[in-house]
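Engineer: Protein chains in written order, with our numbering: chain A, 1 to 243; chain B, 244 to 645.
You may find that some hints are simply not true.
To be verified - With beta-carbon atoms standing in for the labels, derived distance ranges:
(1) D225(A) x R519(B): 42 to 50 Å
(2) V34(A) x R528(B): 52 to 60 Å
(3) V34(A) x A381(B): 53 to 61 Å
(4) G359(B) x R147(A): 48 to 56 Å
(5) P107(A) x T290(B): 34 to 42 Å
Unchecked claim - Partial list, computed: chain A residues near chain B (C-beta under 8 Å):
(6) V83
(7) D85
(8) A200
Worth flagging that the hints you see were computed from the coordinates, not collected in a lab.
Beta carbons: idealized from backbone N, C-alpha and C, even for Gly.
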Amino acid sequence: MRRVTEAIRANPPAIAAYVLGGLPTPERFADVLVRVSREADVVEVGIPFSDPMADGVTLQEANVAALGAGATPAGILRTIRQVRDRLEAPVVVMSYLNPLLALPNLPGQLAAAGVEGCIVPDLPLEDADLLGVPLVQLVAPNTPDDRAARLVAASRGFVYAVTACGTTGGAVGITPEMTRHLRRLRGPTPVLAGFGIRTAGQVATLAPHCDGVVVGSALVRTLLDGGDPAATLRGLRPTRSAA
Amino acid sequence: MNATLSLAQRHAAGAFPDERGRYGPFGGRFVPEILVPPLERLTTAATAALADDGYRADLTRELREVVGRPTAMTPARRLSEAWGAEIFLKREDLAHTGAHKINAALGQALLARRMGAARVIAETGAGQHGVATAAACARVGLPCVVYMGAKDVARQAPNVHRMRLLGAEVRPVTAGDATLRSAIDEALRDWVADPEGTYYLLGSAVGPHPYPWLVRELQRVIGVEARAQLLRDHGGLPDHAVACVGGGSNAIGLFHPFLADPVALHGVEAGGTGARHAATVAHGRPGVLHGTRSLLLQDAHGQIADTHSVSAGLDYPGVGPEHALLAHSGRATYTAVTDTEALEAHAELCRLEGILAALESSHALAGARKVATAHPGSRILVGLSGRGDKDLATLMEVACAA
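Modelling step: build the complete structure from the supplied sequences, incorporating the hints.
Structural biologist: Below you can see the structure in the form of structure tokens.
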């Protein structure tokens with residue numbers, strides 16, 4: 001996860017871009033991954049699950065679409081492995097526990113694909129060693145301070161600050177509670193704010209309070225609508241020239 | 244705990260769930276971080292309530308005055324004669340709102356009020372838990388939203404009307420497979436959006452800790468009563484106890500008080516058409532769904548399988564973690580009966596005993612008939628979990644198709 005931390009530190013406010021494996025089609029996913037890696041500082045590759053309980057409507061729809069198009073966890077890791085030399089940003093995998101448990105030798109498969117680690121929303125801190133891979137920990141606004149400190153200490157690569165109470169894709173605004181939430185997470189591991197980020201204005205507003213943002217639903221929406229996710233990412237970073 | 248004791252003995256001695264909410268290799272709390280604080284709060288509040296004389300007295304009184312407990316124990320004389328075994332029916336179909344679901348709904352509604360919740364949400368499959376939750380919320384004075392798969396809304400229309408009459412808002416869920424599983428997904432999403440003010444009133448012995456334990460504790464009344472009734476009025480313990488298993492709340496309620504007794508426990512799952520089914524213990528593999536590690540129907544890639552059963556209440560790809568442990572330890576056995584076998588047992592109970600059972604409960608009857616065939620003359624306790632009025636449309640369709 002050292003590469004992830006370095007990539008975020010090198011370019012604040014960093015953008016971690018979430019793309020769902022197998023979208024828009026399993027064949028075209030490789031191209032999307034390469035193009036997004038040129039615009040983002042970190043790429044999160046989602047592995048679809050039939051029951052994505054932490055996700056909102058957009059990502060539910062996307063998970064169904066990806067599985068319907070024939071995406072499989074092993075196939076997505078194979079694609080990452082095939083294009084790993086062309087990727088310009090480090091990659092982490094985001095998925096639910098059940099599809100990851102079904103992958104034989106997960107640490108070996110991730111290493112072969114050059115994946116740095118995982119984000120697993122339904123894998124609690126108490127079971128952090130279950131998969132045998134480095135984990136980015138998520139911290140919610142309602143997480144008590146002592147537990148938040150333990151999550152921050154256990155987190156690898158970056159700390160994923162959930163900035164809205166709710167599933168992915170909701171609205172985000174900056175409240176005093178949120179700045180306090182982000183402030184308590186600051187430490188040696190960079191903090192990225194996620195859940196509901198879709199405009200350059202939001203990125204600019206959050207920037208002083210964290211090391212960057214995760215863009216998920218907005219990017220997946222673009223993919224579902226047949227748009228160019230690289231362009232969406234550029235739009236979030238007005239000060240950076242197009243690659 | 245003494246390591247020389249078997250898993251089943253430790254289970255009977257009360258070792259599960261452990262302090263982490265585990266049932267041996269199953270159970271636990273696999274949820275997004277945002278749900279950890281409300282689940283901690285619920286665990287603390289439920290533990291305190293169940294140990295509190297005031298709460299227990301309230302619950303006991305409500306169960307007597309509202310639910311109509313204890314429910315009857317019916318020796319099924321003509322069915323016994325036909326099957327060549329002594330059949331006893333624990334009549335949860337006679338409970339208020341027509342099924343065992345009211346036990347956990349009322350217990351949790353009282354808990355929600357005690358915890359100061361502003362609203363209650365619930366999921367429902369057959370609609371029985373939704374109806375029970377709507378009634379319990381009306382009784383304690385809390386607003387109630389019920390999530391129900393769109394497919395179930397269509398096949399359980401009378402229960403949808405019933406919930407609405409009882410003051411609940413029913414939200415059909417079209418995402419996913421539009422059955423119980425999608426309804427749970429959606430209820431969890433609702434809870435994630437307001438984890439402090441909302442009480443999630445889960446209906447089965449599934450989900451993250453403390454739910455499988457809390458629901459079991461509230462459903463144990465079925466087995467506690469049955470055991471006392473058989474000992475007092477009907478000559479002693481049964482040789483076998485049989486219950487249907489979807490998520491498994493009525494089965495764990497019936498089984499748990501018999502764990503230390505020499506009583507064989509039989510869970511009966513939905514075998515569907517044979518090829519398409521919801522027989523999780525029979526065909527499932529360990530995995531994590533809806534916050535708990537248990538046996539699941541899933542494909543080789545860990546994607547959850549679509550299920551089928553003629554009874555909406557058994558149409559679920561997972562099973563409560565305590566049932567996974569009972570299967571693992573061998574303390575209980577799990578078999579599947581087909582839609583057709585359940586319908587035949589349903590018809591037999593109607594004709595011979597004048598009881599219209601729910602299609603879910605008819606699976607238990609069909610399973611009991613097989614136990615009777617294998618063990619002639621034995622004493623068999625059957626959990627009749629609910630009444631079948633809600634299934635009239637399905638039954639009429641089947642009758643017309645035959």
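Engineer: Each hint: holds or not?
Structural biologist: Okay, the hints, checked on the actual structure:
1. D225(A) x R519(B): 42 to 50 Å: 35 Å Cβ-Cβ, so the 42 to 50 Å window is violated.
2. V34(A) x R528(B): 52 to 60 Å: violated (35 Å)
3. V34(A) x A381(B): 53 to 61 Å: Taking Cβ atoms as reference, V34(A) and A381(B) lie about 58 Å apart, which means the hint holds.
4. G359(B) x R147(A): 48 to 56 Å: The hinted range 48 to 56 Å is violated for G359(B) and R147(A), with Cβ atoms some 22 Å apart.
5. P107(A) x T290(B): 34 to 42 Å: holds (38 Å)
6. V83: Where the cut-off is 8 Å and the nearest Cβ of chain B is about 21 Å from V83(A), the hint is violated.
7. D85: violated (26 Å)
8. A200: violated (26 Å)
Hint check: violations occur at hints 1, 2, 4, 6, 7, 8; the rest are consistent with the structure.
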